Each structure stands twice: as structure tokens, then as C-alpha cells.
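Visitor: Read off the chains here:
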Amino acid sequence: MIDLFPLYLTLKVSFVATFFSIIIGLCLAWLMARKEFFGKGILDALVMQPIVIPPTVLGYYLLVLLGRSSPFGRILEDTLGITLVFTWKAAVVAAFVASLPLFVRPARAAIEGVDKNLENAARLLGKTEWAVLKTITIPLAWRGIAAGSIIAFARATGEFGATLMVAGNIPGMTQTIPIAIYDAVQMGNTSLANILVGIITLFSFSVIYFVNRFTKGRY
Amino acid sequence: MSLSFHLKKHFRDFSIDIAFSIEENMAVVFGPSGAGKSLLLNLISGIIKPDEGFVRIEGREIFNSATGINIPIRERKIGYLFQDYALFPHMTVFENIAYGISHEPKNKSKTKVEELLDLMRLGGLEHRFPKELSGGQKQRAALARTLAAEPSILLLDEPFSALDYQVREKLRADLLLIHQKYPITTLFVTHDLEESFVMGENIAIINNGRLEQFGAREDVFYKPKTKNVARFLGARNIFSGIIVSLYEKAVAIENPDIGEIKALLHHEEQRMTVGEKVTFGIRPEEIMIIRPDKPIDKKVQDNLLEGEVLTTLGKGASHTIYFKVRDRDATIKIEIPNFAYRKLKLSKGKTITVSLKKESIWIIPERQAKG
Numbered sequence: 001m002i003d004l005f006p007l008y009l010t011l012k013v014s015f016v017a018t019f020f021s022i023i024i025g026l027c028l029a030w031l032m033a034r035k036e037f038f039g040k041g042i043l044d045a046l047v048m049q050p051i052v053i054p055p056t057v058l059g060y061y062l063l064v065l066l067g068r069s070s071p072f073g074r075i076l077e078d079t080l081g082i083t084l085v086f087t088w089k090a091a092v093v094a095a096f097v098a099s100l101p102l103f104v105r106p107a108r109a110a111i112e113g114v115d116k117n118l119e120n121a122a123r124l125l126g127k128t129e130w131a132v133l134k135t136i137t138i139p140l141a142w143r144g145i146a147a148g149s150i151i152a153f154a155r156a157t158g159e160f161g162a163t164l165m166v167a168g169n170i171p172g173m174t175q176t177i178p179i180a181i182y183d184a185v186q187m188g189n190t191s192l193a194n195i196l197v198g199i200i201t202l203f204s205f206s207v208i209y210f211v212n213r214f215t216k217g218r219y
Numbered sequence: 001m002s003l004s005f006h007l008k009k010h011f012r013d014f015s016i017d018i019a020f021s022i023e024e025n026m027a028v029v030f031g032p033s034g035a036g037k038s039l040l041l042n043l044i045s046g047i048i049k050p051d052e053g054f055v056r057i058e059g060r061e062i063f064n065s066a067t068g069i070n071i072p073i074r075e076r077k078i079g080y081l082f083q084d085y086a087l088f089p090h091m092t093v094f095e096n097i098a099y100g101i102s103h104e105p106k107n108k109s110k111t112k113v114e115e116l117l118d119l120m121r122l123g124g125l126e127h128r129f130p131k132e133l134s135g136g137q138k139q140r141a142a143l144a145r146t147l148a149a150e151p152s153i154l155l156l157d158e159p160f161s162a163l164d165y166q167v168r169e170k171l172r173a174d175l176l177l178i179h180q181k182y183p184i185t186t187l188f189v190t191h192d193l194e195e196s197f198v199m200g201e202n203i204a205i206i207n208n209g210r211l212e213q214f215g216a217r218e219d220v221f222y223k224p225k226t227k228n229v230a231r232f233l234g235a236r237n238i239f240s241g242i243i244v245s246l247y248e249k250a251v252a253i254e255n256p257d258i259g260e261i262k263a264l265l266h267h268e269e270q271r272m273t274v275g276e277k278v279t280f281g282i283r284p285e286e287i288m289i290i291r292p293d294k295p296i297d298k299k300v301q302d303n304l305l306e307g308e309v310l311t312t313l314g315k316g317a318s319h320t321i322y323f324k325v326r327d328r329d330a331t332i333k334i335e336i337p338n339f340a341y342r343k344l345k346l347s348k349g350k351t352i353t354v355s356l357k358k359e360s361i362w363i364i365p366e367r368q369a370k371g
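Going line by line, the protein sequences match chains X and R.
So the first sequence is numbered by the numbering used here: it starts at 1 and just counts up by one.
So the second sequence is numbered by the numbering used here: it starts at 1 and just counts up by one.
If you're looking for bench data, these hints aren't it; they were derived computationally from the structure.
Note that this is a predicted model, so its numbers are computed, not measured.
Errors might be hidden in some of the hints.
What the hints assert, rightly or not - Below, in silico cross-link-like pairs of lysine-lysine (BS3-like), each with a Cα-Cα straight-line distance of 30 Å or less:
| # | chain 1 | residue 1 | chain 2 | residue 2 |
| --- | --- | --- | --- | --- |
| 1 | X | Lys-35 | R | Lys-8 |
| 2 | R | Lys-227 | R | Lys-358 |
| 3 | R | Lys-324 | R | Lys-350 |
| 4 | R | Lys-227 | R | Lys-324 |
| 5 | R | Lys-131 | X | Lys-134 |
| 6 | R | Lys-77 | X | Lys-116 |
| 7 | X | Lys-35 | R | Lys-77 |
| 8 | R | Lys-106 | X | Lys-116 |
To be verified - Per label pair, the in silico range of CB-to-CB distance:
| # | chain 1 | residue 1 | chain 2 | residue 2 | range |
| --- | --- | --- | --- | --- | --- |
| 9 | X | Lys-116 | R | Lys-110 | 28 to 34 Å |
| 10 | R | Ile-71 | X | Gly-168 | 55 to 61 Å |
| 11 | X | Lys-116 | R | Gly-234 | 30 to 36 Å |
Built from N, CA and C at the ideal position, the CB exists for glycine as well.
From just these sequences and the hints, can you work out the full model?
Guide: Here's what the structure looks like:
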């Protein structure tokens, strides 16, 4: 019997990370698609960094930022009682940062693709900005948003480098599937590695297959 | 409801500065493409924020740059019909029409939507999506959606431009009927000359972000105040001349290519002096061809010109004739109904006499006729 903990942890971390990616990512995508503000280009470049930066570098930044020696990490620990580093929550942070740009990109493009006059028509019919977003923008951009969510989820499940740096490799605590595979190969446990690799492969294939089906337009 | 505004907005390569006001009727905003017609509607509705100015609906200020009033779009109660209709593609016709009244009790909004479906001849189409509608149906659905919210003024941005000719004519008649039933103060934007004549009791002619002339339909069409207005309104017979004599409410103008022409003065404010340079003209359909077998009517005995027919062109219900004044250089465009054309037996090279009716001639002093 193989240990199912890495699978459970991977799903848990990925769901929580994707949840935050969607919430924060939607705000960012909408801001960048519809608003002009100072520093927009810098914010955009910052959010997109995890796509190009090596995961270990990202992990190092997170470790420095969230660790006990940083002001931010100290505030978290001393006043809020939250310790992130080397817990499953750190894995969530790593997965979130890594997957955020993959959500923001398609979501932003989808929002930009919504005809502004449709939003204006809704405003002229007496709707608040929130109602416009809820009844016009998001429903019309939902394919891009859904596709972004799935890709972000997939990226979260595969996160390795940054997670290892910031959450470590603690079996039964912070060991996700990608880390477990690495561990199994290191220990020469080929059969376990094969099973885990199989799960990830099947999952990744399904993701791309469904994303492609989703993004075929209807309107 | 009355609508009055003065709006200014500067862009890098375009600026708009237009003011006028309308009462409870339909006014047309006419101008060539790029004149700023759609932009004007965007500024009134608040889709684009003006740099300066004000908008008042029935005396209530919805925008004023001086006092900082800028009522959000959603509270302006402005009905706006977009050129491409902007129907929500993910909602049915019913849902589209009901969209602006979703806060009302369900049975009340349902009755209202059904009434509008009926009025707009959309019965049976309420469960269709916009992409399953024809152009005319889309247009009526969009108008129904706008009317459902009971706007205090209506802005129509070239509502018929995307439709073919036959549908257009039917829908114009429809719109006039609907306007009778819902007499909402309406601003109707178009670049179609015929349409502006059919739809508007008042016409505002705009060009390059400025108002050229605003007034009653007949005044604007037959007494243009600027050369541009005359040009936009399809007046081909535009000449320049010099005032040679003054009468009470009339002048005589000399043009070397035509001769001496008498014209009545229309605009009270027009004060001419002898020797002054002017631009003058006459609409092609206001020129009379004199029938040789009948005595000349007193009304057309002035401004008689003899000459020959250069070419004739059939144009559906009318004929266009190009006429050259004898021994002079002017070519004048004349438009006559087909029955008159047949009766006169006109053909190329034929010698005819025409009268430029003196009350139909418009004059613009050169000093204000720039452009």
C-alpha cells in the first residue's frame, strides 16, 4: 500500500492556492484590462515574474520574505501567531505565487475581449459597477477565467522548486507529489516513482484536453 | 423633457466644442463621418468625461465642470441605442429587455417586457439569443431594452446604418410611431441626408467638432448659413458673387458665369452692402424648367436663364439634369421628378429656359463662409 498523503496534500495545497489565485487574480486582471494607473507596467511585470524566474530563486525570495528574520515574517509570527516557513501553508504560498500569472494572463485577455459598450449599455440601464462585473463582464469572460483557473491549478500541483525551498521535504507534513517523486527516485523506490509519475501525467493530459474544450467559443 | 448642454473635450488631434438645446421632440444631429457625432453622445451620456461644460435634463444638472457635478452614468436615466446595438450576447431577448428593470417586481417587469415585445413585433422571439436575430430584430430588441428602463432622454447613434435599405425605411416609420407613443426627447445621430430630413423636426449640423447650424428642418435645408452646411446638404450649385444692388428684403448678385441674380434675404440678421463678396446657391430641386407652351408664372419670372442641356441622368424617382448657361461658363445641376422630365421631352443638347426661384436662393456673406 502506498502512502496517499502526498496526493492528499497536493490537492489541498493546489485548491487553496488556486482559490487565492482566482480571487486576487480576478482583481488584478480586471484592473489591468480596464483601468489606467501609475505603475501599471511595473505591477504587470511583477505579477508575471514567476513565469520566467527560476523556481529556486522564487523560493529563496519567499524564504527571505516570510522567514523569521524578515520584518514581514516576524509580524506574522509575533502578532498573528502564524508560522509559514516549513509548513503546508508555505507550500500554498509558493503554489499561489507560481500559478497567479498563469491565471491572470488568460483572465485579463478574456476581460479585454468583452466589448466595452456592453458594459456601458449595462451602466446606462442603471447598473452599479459591481453588477456590471457580475452580470456582464464575468459571464462573458468566463471561458478565459475557467481556462486560467484550470491551468493555474495544474501549475500549483506541479510546483516543486519554490515549494522545496520554502516548505521543505517533510514526509507526512510538506511532502507533495512532485517532491515525493524526487524523494522516491533518490531512494531508488522506482515502483513508487512510477505510480506518482503516472498520476501526474494522467492529470496533466486531462487538464490540457479540457482547457481546449472549454475555450472553444460559443458567442 | 428638455435637454441642453455645452460640452468641450480636447484630444491630441481632435477637439469638440458643441452647445445646443432641444425640447420635447426628435432632433437630428447630422454630419460627415469623423465630425464627432458619436463622441457627442458619449459626452452627454457620461461614457466619456468632458473636459469642460454642462449637461442639463429638464433643468436638472447631471454634469457641470464648474460646480464639480458629475452624476454617475447609472443615475442619469439616459437611453442609449448603440450603433451595433450592444445586446448582451449571453442573454435571451427577454432577458435583455428585462435587464434594466430587474429591480422591479417580477410580474410587473414581465408585463412590461411583454408589452414591449408586442410593440416591437418581437413576439415569439423572446427566447432567442441575439445572434439568432436579423439586423432589424436586433435593432428593435435593443430599442425595447432601452425603453423598458423609461429613460428621460433617448440618444440614438446611427440606429439604421447597419441595415439594408428596405428594412431601414420600415424601421424609420416604426421609430416615428414609437416616438409618438413614447414622446421622449430624442437625439438622433446620422450621416444619411434623407434620414435626417425624415426623422428630425430640428437639425443640428456638426462638422469637425463644431456646430455649423441648428434650426428647424426647412430652415437648415433651404437656408444654409455656412458653406459647409450647404455642401453637406447636397447643394451642388454653389457660386460666389458680388452684391450689386440692394432692395428691401432682397439683393441682386452678379456672377460672371451666370449673370445677375435676384435673391430674397431670409435671415433677419443678414445685412449686406453693395460690393460685398458672397457665396450663394440653390438646391437642384428648387430650379424650375419653364415650359415653352405656357405663359411664365409671375413667381418665376425673375432669374430666367437660357441655355442647353449637357447631360441627363435617371435616378429612380427623379432625373438629374446638368444645364449650361448660354454664352457663359456656369453648369447648374437641376433635379426634376420623372413625370416632369417626360412632359418636357428633355434630351441632350436641347435648349431650355430655367428659373432660379429667388426665394430659394440662399446667401452667405464671404466673411463668415470659411471652410
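Visitor: Could you work out which of the previously given hints the structure breaks and list their numbers from low to high?
Guide: Hints that this structure does not satisfy do not exist here, as all of them hold.
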